[in-house]
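Peer 1: Spelled out from the first residue to the last, the chains are:
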Amino acid sequence: MKVRSEPEIRDAVLRLVAERVDEVPLDDSASLLAATNLDSLGVVELLVSIEEEFKVSIDFVTVDPVSLLTISGLTSHVSSLVEQV
Amino acid sequence: MPGTLIDTLARHQPDNTAVETGERKTSYRQLLNLTRAIREQITRSPIGSGPIVVADDPGPGACATIAAAHALGRAYVPLSVTHPAARIQQILAAAEPALIVQSDWTADRLADVLPSRYPLLTILDELGKLSWARSPEPAVSSTSPIGSDIAYVMFTSGTTGRPKGVPVRVDSLMAYLGVATKRFGVRPGDRASHFFELTFDLSVHDVFVTLLGGATLVVIPAEQRMLPARFLREKEISHWFSVPSAADSLQRVGALRPGIFPHLRQTLFCGEPLRWPAAEAWQAAAPNSRVINLYGPTEATIAISYYVVPPRRSRSDDVYGMVPIGEVFEGQRGEIFSTSEAGEQPNRGELRLSGSQVISGYLDARDGRNAFASGPDGVSWYRTGDAVERDATGLLHFVGRIDHQLKVSGYRVEPAEIEDAINRTFPGCRSVVVLCDRGKRRGLVAAIVCGEGDAPTASAVREACASSLPSYMIPAHIVELATWPVNANGKIDRAAVRRHVAEEIAPDALAQQGARS
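Chain order of the listed sequences is G and U.
Going by this note's numbering, the residue at position 49 of the first sequence is 49; the numbering climbs one at a time, nothing skipped.
Going by this note's numbering, the residue at position 463 of the second sequence is 463; the numbering climbs one at a time, nothing skipped.
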């Protein structure tokens, strides 16, 4: 599989977020819980879809969930996991 | 019978940590001193009778304010600073407090929200220091409907379009604590979670049971509640209490791996149905923990029935995939009332509750019109609205609701309250709010039918809700419908609306269904 660049990962994350929210926040560092209509269950579903999209497994036992609540945080975390593959 | 919180605080090891918030640790000595300082400010000042509002986030300040109120024989009323100003003001107007206590964390957020007629005490970040943000004026006569027999008042979602005040008596709280400290109690050295916001009545368990037992109350940051695995491990929590959604979410992302919570010795779930798969995955993740399912409406003081999850599930334990709500606490009564005469099994119907844990009535008597029923023996029964089934072994199982009430992460939500907020703002439209538990449209969905003109945008609808409702009551999705599906009686068919918005049936099929009825 072709390794995706960070901007490509960000685009794919944005697409998955856009499927679930009315308006994608303009600020990549805004909390999805605060800045969108997603609630905590919605965020959990988004995280599962991101794992499926990138075929990665986020370790929710060690990762601080706060770092997964923003588009920038998700992009950098997925990037670090994709690089390890 | 447990003693007063303030007396118990004085008996614990003064150097043990009472409350842990992030890196900050508050010892029992510091907590006792702060409680005494708050009590002294209140007794020394010209403050009328009436409840004390706790306008603070969970933490040592809130614990001390609650303990001080309890010691003074005054009720406390929690406020969430994240709630909209209109809701906070509605609650204050209903409670008419003698005093509001805030922290300097919450003071900024509340500055433009709190009406100026209430005395306002601020707990400064340097613990133990208090400062009057608004000093009490002498000779203010109390108008509060909340008497000294009340321990706390929780405001929940109401069907009348405004929050419903639930006053819980001191003797009800003592009855609950008598059972809870005996069955689910903690000891010095234990580390108990403080998961619930103060406006959620399960937080009363967190605060009282933990501090009465001399354990450490570990506050979970709001952003960690969604997926609390890391918090549980890092903080070495021994006693966990949350809504089952926390287990559902962790299981959904594959985090409930066997043995990951070795420190856990007791887990309590309450607030919404606990699914067997989540309970079993949790048990495997926490092999050293008892897992207990609690049940109880706010009106019956925190929880009134319990079920200890056995190592192996038997067929009779499993009704509709849900863990039983078990048996009613000793000294309390739960009876099943058949909701319809035709074809109803006697062991299935509405659960009604009576006993010392059940409230005497609502803060506003209008809210109680249909909530209480008188039994043949003259006993007053609280109608829970929960449909339950009693199995052959006598255990109670939650089956569903007999009305439209919904649960969002354990919070009670009356769709009527959200619909009222939408319909008032957009008088040409009618809305129906449903809850979807799967698919991309997960969460609360408001379906709207507008008579004429353009339907409001989704963000306009959400703004209308956000001006008067807490965030958990704001619909995640807004769906415009051409017409309502109706049932045989010509009423809006909420189940059909839910199926439609969850995209389970095509819009064409819905139109046909509507035309047929």
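What the hints contain is simulated information worked out from the structure, not anything from laboratory work.
Among these hints, one or two may not hold up.
What the hints assert, rightly or not - Every beta carbon over 12 Å from chain U, so not counted as near; a handful from chain G, in silico: (1) 11; (2) 22; (3) 26; (4) 31.
Unchecked claim - Per the computed footprint, the stretches of chain U lying under chain G, defined by three or more beta-carbons under 8 Å from a beta-carbon of chain G, are: (5) 54-64; (6) 191-201.
These numbers were taken from a predicted model, which means no experiment stands behind them.
For glycine and all other residues, C-beta sits at the position ideal for the given N, C-alpha and C.
Peer 1: Evaluate each hint against the coordinates.
Peer 2: Here is what the structure says about each hint:
no.: 1; hint: 11; in the structure: holds, 19 Å
no.: 2; hint: 22; in the structure: violated, 5 Å
no.: 3; hint: 26; in the structure: holds, 14 Å
no.: 4; hint: 31; in the structure: violated, 8 Å
no.: 5; hint: 54-64; in the structure: violated (count 0)
no.: 6; hint: 191-201; in the structure: violated (count 0)
When each numbered hint is compared with the structure, violations occur for hints 2, 4, 5, 6.
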